[in-house]
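K.L.:
Residue-level listing of the chains:
Protein chains: 2
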Amino acid sequence: MSIKIGILGYGNLGKGVEAAIAKNNDMVLTGVFTRRDPSTLKIKSQGVPVLSAAELDNGAADVDVLIICGGSATDLPEMTPKYASLYNVIDSFDTHANIPSHFSNVDAAAKKAGKVGIISCGWDPGMFSLNRVYSDSILPGGTAYTFWGKGVSQGHSDAIRRIDGVVDARQYTIPVEKALDAVRSGKNPELSTREKHTRECFVVAADGADKAAIEEKIKTMPNYFADYDTTVHFISAEEMKRDHSGLPHGGSVIYSGITGEGNNHVIEYSLKLDSNPEFTGSVLVSFARAAYRLEQEGVSGAKTVLDIAPAYLSAKSGEELRAHYL
Amino acid sequence: MSIKIGILGYGNLGKGVEAAIAKNNDMVLTGVFTRRDPSTLKIKSQGVPVLSAAELDNGAADVDVLIICGGSATDLPEMTPKYASLYNVIDSFDTHANIPSHFSNVDAAAKKAGKVGIISCGWDPGMFSLNRVYSDSILPGGTAYTFWGKGVSQGHSDAIRRIDGVVDARQYTIPVEKALDAVRSGKNPELSTREKHTRECFVVAADGADKAAIEEKIKTMPNYFADYDTTVHFISAEEMKRDHSGLPHGGSVIYSGITGEGNNHVIEYSLKLDSNPEFTGSVLVSFARAAYRLEQEGVSGAKTVLDIAPAYLSAKSGEELRAHYL
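Residue numbers (this note's numbering), protein chains in the order written: chain A, 12 to 337; chain B, 12 to 337.
A hint or two may mislead.
[Unchecked claim] BS3-like cross-link-like pairs, simulated, lysine-lysine; straight-line CA separation at most 27 Å:
hint : chain 1 : residue 1 : chain 2 : residue 2
1    : A       : Lys161    : B       : Lys189
2    : B       : Lys34     : B       : Lys55
3    : B       : Lys207    : B       : Lys228
4    : A       : Lys189    : B       : Lys189
5    : B       : Lys198    : A       : Lys34
6    : A       : Lys327    : B       : Lys228
7    : A       : Lys228    : A       : Lys252
8    : A       : Lys122    : B       : Lys327
9    : A       : Lys228    : A       : Lys198
10   : B       : Lys189    : B       : Lys123
11   : A       : Lys198    : B       : Lys198
12   : A       : Lys55     : A       : Lys15
13   : B       : Lys198    : A       : Lys252
14   : A       : Lys327    : A       : Lys15
15   : A       : Lys93     : A       : Lys122
16   : B       : Lys123    : A       : Lys198
17   : A       : Lys161    : B       : Lys198
18   : B       : Lys15     : A       : Lys327
If you are wondering where the hints come from, they were derived from the structure by calculation, not from laboratory data.
The structure displayed is predicted, hence computed values, not measured ones.
Please model the entire structure based on the sequences and the hints provided.
P.N.:
As structure tokens, then:
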């Protein structure tokens, strides 16, 4: 019997989840739910209904696990607790500072309903968090360094698009090779924001726009760019479409710690992703399997990736994993 | 209240466990147990009793978790089930082919006693297994490559030492850079044994020994060396002591898989370890914490690293992990 998955929200992430479900034989997509008019939405999967998000409200939708593909700023804080009171849910909530309160809201709703809600799945938070915790548990007192990129930051790209005279923009976050090398050597360097990453921006300017002014506005934008070495390239709309239409990303968590009389150990986990939303969607889908199994066992409440035994993520049996993967 | 740890066996791994316990404030070493005459054993920790292994037999030793530091060939298949019927136990059983039967023996003993036995902890099996399973769960249908080294293989060093005329030997397993690059590029290459690793041997020969014959015996030794490009260096006993007395190791699990319309993703987990036994010992200690907690919750039976939620390994609370590590 397949695990029935619903997707709420059909942006890049929702499409990534849809692609991931197609790779997992023990799962079936039973509905895509949208806040838009469902008749305007064309999805890739054949024979899967597109339904109004309102159809979820009475708890009767035919889904074992609902994967909520909304934004962390305003969607998820409201949606995840709401739907956790009706369904097992998964989200990719990524505002690190607000995870504790989001966790507690989802926990209360899910416990009351006897459902499981796994929050903050993806790669950071998500796979990177797992590696920070495994490493810190094995080598307590060590230092974790997280690097992002090379990859497209959608938040930074959006910030550039909001500048007057900008038609389109793509921003790449790039880790500084020298910093990576210093960390990998186990030297435990102190690194400033500027020393860890650079930012490279590709911008399509409107006809007649003041490019120098745009460049200045980008480079001095607080929080987003002012603390980084930033380069800006003006390109044509055709070049943007041809060279920058993908959403690659990646990065690494590098942990360095000491045992005994000064023996040093370096643990590195790194990702090189052609498609950020498809990889993130794939992570969400594997945790959906875990949510379903936990509910079947009578577990309820909010969980994070740190609370899930790895075997729950796999479609393979314990016997098969022990025989071939251990 | 501290978790009371006992160590059975005081070789390199037992010493690595001892060093790890000293880094974990929530644990205390309450005894080192040995099959040798305890009066002949001098341990590093102050004020910790060295006791005969026989003291464990009635189940009354003052330990919450016993970490069994024996060999996989003959010690652990007998010892882990035996002590799992008396204590929570941890081992680093690493004969991959025999893990299913070892698991089932430990499971039966531990369940009957209401204890927890976590087998095959370490880095391979162990952390590498975790990464194979996480990756395969996220990107099913992809390919996992495991590389070992650069590091000292104790089994291969021992095999050389058994050759007539060899006084001492150290063997390094070295991954082939070209193979690593091909795998990292996501090309999914088919790699033979010879293409993945080379073997470098440092040998102290007895006075007057036939070095050419020794070299020939090493290079043609079935299973150990015949399938590899092997180089042999003859060195003096002084050089051996000066340059090769450490036990560094490491390696990587590289997983590559596809999503959607051919988007490729590469996940790499790599370790660079100054001391193999101290790192392995540190992994065992973190899983000892999990075994203790699981027994407190009423869980019993055999487990592997795949069955343990990561948060159980950490001395930090769920709240602290969510606030600072997620």
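K.L.:
All hints, please: hold or fail.
P.N.:
Okay, the hints, checked on the actual structure:
Restraint check for lysine 161/A and lysine 189/B: satisfied, since their Cα atoms lie roughly 23 Å apart, inside the 27 Å limit. Between lysine 34/B and lysine 55/B the CA atoms are separated by roughly 14 Å; this keeps the pair inside 27 Å, and the hint holds. Distance hint between lysine 207/B and lysine 228/B is fulfilled; the C-alpha atoms sit about 22 Å from each other, no more than 27 Å. A distance of roughly 23 Å separates the Cα atoms of lysine 189/A and lysine 189/B; the hinted pair therefore holds under the 27 Å criterion.
A C-alpha spacing of about 20 Å is found between lysine 198/B and lysine 34/A, which places the hinted pair at or below 27 Å, so the restraint holds. The suggested pairing of lysine 327/A with lysine 228/B is violated, with an alpha-carbon distance near 43 Å, which exceeds 27 Å. Taken as a hint, the lysine 228/A and lysine 252/A pair is honoured in the structure, with Cα atoms around 24 Å apart against an allowance of 27 Å. Our distance criterion of 27 Å between C-alpha atoms is met by lysine 122/A and lysine 327/B, whose separation comes to about 24 Å.
Pair hint lysine 228/A plus lysine 198/A does not hold up; C-alpha atoms about 37 Å apart against a cutoff of 27 Å. Restraint check: the Cα-Cα separation between lysine 189/B and lysine 123/B comes to about 51 Å, which exceeds 27 Å; the hinted pair is violated. For the proposed pair lysine 198/A and lysine 198/B, the alpha carbon gap of about 33 Å is over 27 Å, so the pair is violated. A threshold of 27 Å between alpha carbons decides the hint, and for lysine 55/A with lysine 15/A the separation of about 17 Å falls inside it, so the pair holds.
For the given pair, lysine 198/B sits about 26 Å from lysine 252/A by alpha-carbon distance, which is consistent with the 27 Å threshold. At roughly 18 Å between alpha-carbon atoms, lysine 327/A and lysine 15/A fall within 27 Å of each other, so this suggested pair holds. For the suggested pair lysine 93/A and lysine 122/A, the alpha carbons sit about 12 Å apart, so the restraint of at most 27 Å is met. Restraint check for lysine 123/B and lysine 198/A: the C-alpha separation of about 48 Å exceeds 27 Å, so the hint is violated.
For the hint pairing lysine 161/A with lysine 198/B, the CA-to-CA distance comes to about 19 Å; that is within 27 Å, so the pair holds. The hinted pair formed by lysine 15/B and lysine 327/A fails the criterion: a straight-line CA distance of about 35 Å is larger than 27 Å.
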